[in-house]
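**Student:** Just so you know, the sequences run in chain order A and B.
Mapping to the working numbering: the first sequence position 24 is 24, numbers consecutive.
Mapping to the working numbering: the second sequence position 216 is 216, numbers consecutive.
You may find that some hints are simply not true.
[Said to hold, decoys possible] Simulated crosslink set (DSBU-like; lysine-lysine; CA at most 35 Å straight-line):
(1) K243(B) <-> K87(A)
(2) K34(A) <-> K129(B)
(3) K71(A) <-> K113(B)
(4) K31(A) <-> K87(A)
(5) K129(B) <-> K204(B)
[As the list claims (entries may be wrong)] Stretch-level coverage of chain B by chain A, calculated; a stretch enters the list once three of its residues show a Cβ under 8 Å from a Cβ in chain A:
(6) 208-217
(7) 237-246
Note that these hints are calculated values from the structure, not bench results.
The C-beta atom is built at its ideal place from N, Cα and C for all residues, glycine as well.
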Amino acid sequence: MISLNYRDSRPIYEQIRDELRKLIVTGAIGKDEKLPSVRSLATELAINPNTIQRAYNELEAEGYICSVPGKGSFASGDTGADDARRKELMNKVRELLRELRYLGVTEAELLGLIKGGAER
Amino acid sequence: MIEVNKLVKRFDGFAALDGAALTVPDGSVYGLVGPNGAGKSTLIRHLTGIYRQDEGAILVGGEPVWENPALKARIGSIPDDWYYFLQASIRDMMRFYRSFYPRFSMERYEKLKEVFAIDERRTIRRLSKGMQKQAAFWLTMCCLPDYLILDEPVDGLDPVMRRQVWSLVMSDVAERGTTVLVSSHNLRELEDVCDHVGIMDHGKVLLERSLEQLQDNMVKLQVVFPDGMTEVPPELPVLHASKIGRIHTLIMRMSAEEATERLAQYAPLLVDAVPLTLEEIFIYELGGVNYAVKDIVL
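All chains should be built: construct the whole structure from the sequences, respecting the hints.
**Tutor:** Right, here's the structure in full:
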């Protein structure tokens, strides 16, 4: 369910964190659904369990998952609290907009994209 | 916990270990790297009670290893030159291991038979190098060790088998809290499996850090400064700077957030934080120690 790219320069824990976040955001891991255990991911990916624990801790701090002692980690389904991520993504969009403007994409086209994207 | 303190070992006056010190916390996976002849294998032979030190102390779980059979029964080890009896089959060696390791698990032995898929009746001597390594892993993992000492463990294994054995080791770390010390030349691979890294040269441990410390304390930034600013501001604590066209690449010893914040006052056109690989981190970490880093990072 998670694939690591060994040519990626991001550290492993960041890759795991980002992949899990993607699964949660897209709904592949639904609200209140249990995430794979640290142990099973460590075995499956042949990665140090502490590295995986670190990814889980960060996701918990960001509010994407909550862990219940003795039961495991669950997708929290409520990510309103994550301001840092929101800021990061807005910056990314700003960067993209700058490039799109350079390429001559009009405002109307972008607005259409936002509306279309929201419907989906 | 494995603690090595001021370890000295001389062979005919040559100090193979010259005050080496390291600490492996419980339940962690410690990667030991260094060039050939740095003293990695010598250190490892002290940890498994094969060599006796001239000076210094080695404590595994608070006890000295030398001539301590009760402790050694809890230490699993795969040395670089794994020993087996000349005519022994894997099954014969299993009996030998079973007689030394009280926790030897036959249940696991049977399970791993399917993983390794080598006929247990085959003579080990007639197996290929990689298959011998597999046999060593097979038997060592059956001993249910609390401490696992591995010297170049995946040397000679094919990529699928490498993954397989790491997955076995990692599942033991997760389930049983096994403490692992592994020597290797492959930094890329260590980045996946280790949470602590120590780097050795000339019989000393030069640097020892947790992976988290390493990754969070150094950042590579690509920066384009506004027009008219061609030089990196001298007040920035830059470890290393290079420039291609207008793009400056800066290495700084701080977190990515802090670095971005500090650069913001110069109103740069572009700031992009790029993660560093373990290899790069070592080069810059050791650059200050004035060592011939290229020889160390392999």
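**Student:** Give a verdict on every hint.
**Tutor:** Each hint tested on the structure:
About 29 Å separates the Cα atoms of K243(B) and K87(A), which keeps this hinted pair within 35 Å; it holds. Only pairs whose Cα atoms come within 35 Å are accepted, and K34(A) paired with K129(B) is rejected, the gap being roughly 42 Å. For the given pair, K71(A) sits about 32 Å from K113(B) by alpha-carbon distance, which is consistent with the 35 Å threshold. With a C-alpha separation of about 23 Å, the suggested pairing of K31(A) with K87(A) holds against the 35 Å cut-off.
For the hint linking K129(B) to K204(B), the alpha-carbon distance of about 31 Å falls within 35 Å, and the restraint holds. Counting residues of the stretch 208-217 of chain B whose C-beta lies closer than 8 Å to any C-beta of chain A gives 3; at least three are required, and the coverage claim holds. Check result for the stretch 237-246 of chain B against chain A: violated, 0 residues qualifying (beta carbon to beta carbon below 8 Å, three or more required).
In this structure, the hints that do not hold are numbers 2, 7, in rising order.
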